[in-house]
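A.B. asks: The residues making up each chain are set out below.
There are 2 protein chains.
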Amino acid sequence: MKIRLFERDEIEKVIRLDTGLVEKMEEAFTSLVENQAQMPPIMRIDVPEYNGEVDIKSAYIKGQDSFAVKLSSGFFDNPSLGLPSANGMMILINSQTGEPLSILADQGLLTDLRTAAAGAVAAKYGSREDSKTAGIIGTGSQARLQLEALMLVRPIEHVMVYGRNKGKAEDFKAEMEEKFDIEIRIFPTISEIVEQSDIVVTTTPSKEPLIYGEWLREGLHITAMGSDAEHKQELDSTVLEKADRIVCDVRAQSIRLGELRSTPEMEGHTVELGEVTSKQVSFRHSNSDITVCDLTGTGVQDTAVARHVYALLLAKEGV
Amino acid sequence: MKIRLFERDEIEKVIRLDTGLVEKMEEAFTSLVENQAQMPPIMRIDVPEYNGEVDIKSAYIKGQDSFAVKLSSGFFDNPSLGLPSANGMMILINSQTGEPLSILADQGLLTDLRTAAAGAVAAKYGSREDSKTAGIIGTGSQARLQLEALMLVRPIEHVMVYGRNKGKAEDFKAEMEEKFDIEIRIFPTISEIVEQSDIVVTTTPSKEPLIYGEWLREGLHITAMGSDAEHKQELDSTVLEKADRIVCDVRAQSIRLGELRSTPEMEGHTVELGEVTSKQVSFRHSNSDITVCDLTGTGVQDTAVARHVYALLLAKEGV
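Line order of the protein sequences matches chains H and G.
If you count by this note's numbering, then the first sequence holds residues 91 to 409, one letter each, in order.
If you count by this note's numbering, then the second sequence holds residues 91 to 409, one letter each, in order.
For the record, the hints were derived by calculation from the structure and aren't laboratory data.
Where hints are given, some of them may not hold.
A pair holds if it fits inside one copy or across any two, identical chains being indistinguishable in the list.
[Claimed, not checked] Distance condition first, Cα-Cα at most 25 Å in a straight line; then the derived DSS-like pairs of lysine-lysine:
1) K332 x K256
2) K406 x K92
3) K269 x K256
4) K92 x K103
5) K332 x K258
6) K322 x K332
7) K269 x K332
8) K263 x K152
Assemble the whole structure, with the sequences as input and the hints as a guide.
C.D. replies: Written as structure tokens, this is what we have:
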């Protein structure tokens with residue numbers, strides 16, 4: 091059986107960041123806590139000479155006829171070569187026979203979309219339902235997609251953005267104002283954004299904390315998706331200590347690669363996102379809660395988005 | 091840049107099990123002990139409902155412009171569906187940029203070849219140079235390829251084979267006699283084979299020991315390649331205890347998945363194959379030594395064979 095290879099442009103034509111994808115993410119997180127998923131630890135190959143790494147994630151979810159192996163690369167000297175740092179692809183495998191079904195040569199697009207969709211899940215359960223003001227920290231592709239994701243689940247009317255590079259912040263503002271017909275204000279400091287937001291999303295590769303506990307006000311929700319490696323951190327310990335509720339996608343990953351790494355004493359106070367999506371526990375209890383969600387990225391999300399896209403691609407062909 | 095997808099038939103046209111491939115394996119093992127390789131632990135996804143698993147192996151070797159990620163599946167109910175249990179593919183990645191270069195949809199062929207080539211390395215350094223009689227335990231594709239590999243490095247004139255299935259043993263005999271113009275004798279017991287061989291290669295998925303120490307005679311070399319998972323074993327502890335020299339491809343893998351698992355006290359007496367290929371230590375010291383080599387399969391071999399095949403495929407196109 092020949093493997094079907096789909097290029098990025100074909101994938102772009104069928105996939106949307108929409109509530110359907112957000113639901114697929116909820117089901118994926120639920121499968122983790124209901125012991126329906128076989129999800130091994132992340133595999134990483136380092137390429138020190140080129141300031142790069144390849145991460146491999148996967149998960150088989152019981153009863154599903156296919157599952158994905160996702161390769162995701164980050165080569166941080168690439169921009170000097172005129173190339174994006176991030177790349178990637180997904181391989182879809184037949185669960186019954188182990189035969190490879192398809193290669194989705196998405197160049198990282200699907201990882202971006204499933205990460206943003208997880209941000210929507212976090213906001214859907216974590217943030218106040220009347221959240222109108224979003225603060226985006228960072229100005230890259232995740233900053234754009236996380237904003238788009240928020241707008242799927244909350245009535246966002248005002249957006250504040252911070253980026254280290256003024257030009258990129260202005261690009262973000264121009265693009266997002268046009269795309270969403272919404273007001274974007276660029277701020278020179280993160281503290282001002284945090285103090286005025288209902289929802290803050292951090293989307294940076296920062297190695298040092300960007301947000302401090304003393305800036306947090308009642309009712310705030312923060313989603314931190316930047317930290318996915320041992321040296322990264324976006325939230326100071328004081329943020330986790332002040333939060334009324336901390337949720338992470340996978341505790342073991344958050345402890346090793348995410349925000350829990352710097353504040354491990356909060357591990358016992360943390361629940362996993364699947365416990366929330368499966369309705370075992372709630373995330374936000376009251377409008378005054380301060381809530382934090384740490385996203386590190388999981389193989390179950392990769393399998394969910396790969397299966398979703400493959401079905402859409404076959405549907406397009408009339409299969 | 092579009093990913094190049096090569097199918098099995100294209101790969102079969104260019105790749106040979108030859109001394110060139112054996113040399114590539116030696117270089118691969120050497121890179122491991124010279125700290126030139128980034129080789130993470132094997133990733134495994136279990137699919138219990140279908141009696142299957144997918145193993146992922148990889149390694150980046152310093153200075154090489156590409157490296158492989160290898161997916162290898164074993165789904166043991168497949169024969170009842172008329173399919174082979176084993177499947178697989180390799181993804182070749184640009185070391186400088188992280189971009190995927192090529193998919194080698196080899197269906198496991200390259201893993202088979204690089205495993206046999208490692209068997210040739212083991213025999214080249216481990217067995218007596220005048221080895222003429224080979225004993226093959228098992229009658230599958232590895233049994234065939236391991237015999238072919240031995241014949242690259244030793245003057246094999248007589249072959250004995252054992253298999254649990256008489257029909258398969260007869261198929262093996264017929265095919266190998268025709269292919270190599272050599273005498274193959276089928277034996278009903280393993281002990282007789284071990285007692286009369288210069289080299290024995292075990293190639294089975296056995297969960298119980300097949301070879302016992304009391305059968306071993308001076309000068310014998312054994313290569314055990316079957317055990318690559320926690321429940322598998324081909325050599326009884328008495329074999330490792332009696333051996334004058336034990337070599338494994340990677341100690342950590344042999345301890346966890348290979349023959350050292352059942353006799354961990356021998357770990358301190360074991361050297362890695364790369365120490366032998368890099369000429370740091372010798373394998374066989376004298377014609378009377380009893381030598382054992384445990385092969386579990388490594389990402390450096392996958393990268394070596396993938397790069398080798400990709401170069402051959404491009405050469406065929408006149409690139």
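A.B. asks: Next, verify each hint and record whether it holds.
C.D. replies: Hints, one by one, checked against the model:
In the homo-oligomer, the alpha carbons of K332 and K256 never lie at most 25 Å apart, since the shortest distance is 31 Å inside one protomer and 71 Å across protomers. Taking the shortest alpha-carbon separations for K406 and K92, both the intra-copy value of 19 Å and the inter-copy value of 22 Å come in at or below 25 Å. Taking the shortest Cα distances, K269 and K256 sit within 25 Å of each other inside one copy (20 Å), while across copies they are farther apart (70 Å). For the homomeric pair K92 and K103, the shortest alpha-carbon distances inside one copy (23 Å) and between copies (18 Å) are both at most 25 Å.
In the homo-oligomer, the alpha carbons of K332 and K258 never lie at most 25 Å apart, since the shortest distance is 32 Å inside one protomer and 68 Å across protomers. Proximity of K322 and K332 under a CA criterion of 25 Å is satisfied intra-copy only: 20 Å inside one chain copy versus 51 Å between copies. Proximity of K269 to K332 under the C-alpha cut-off of 25 Å is found in neither arrangement, the shortest distances being 35 Å within a copy and 74 Å between copies. Proximity of K263 to K152 under the C-alpha cut-off of 25 Å is found in neither arrangement, the shortest distances being 43 Å within a copy and 42 Å between copies.
Hints 1, 5, 7 and 8 from the list above are not met by this structure, while the remaining hints are.
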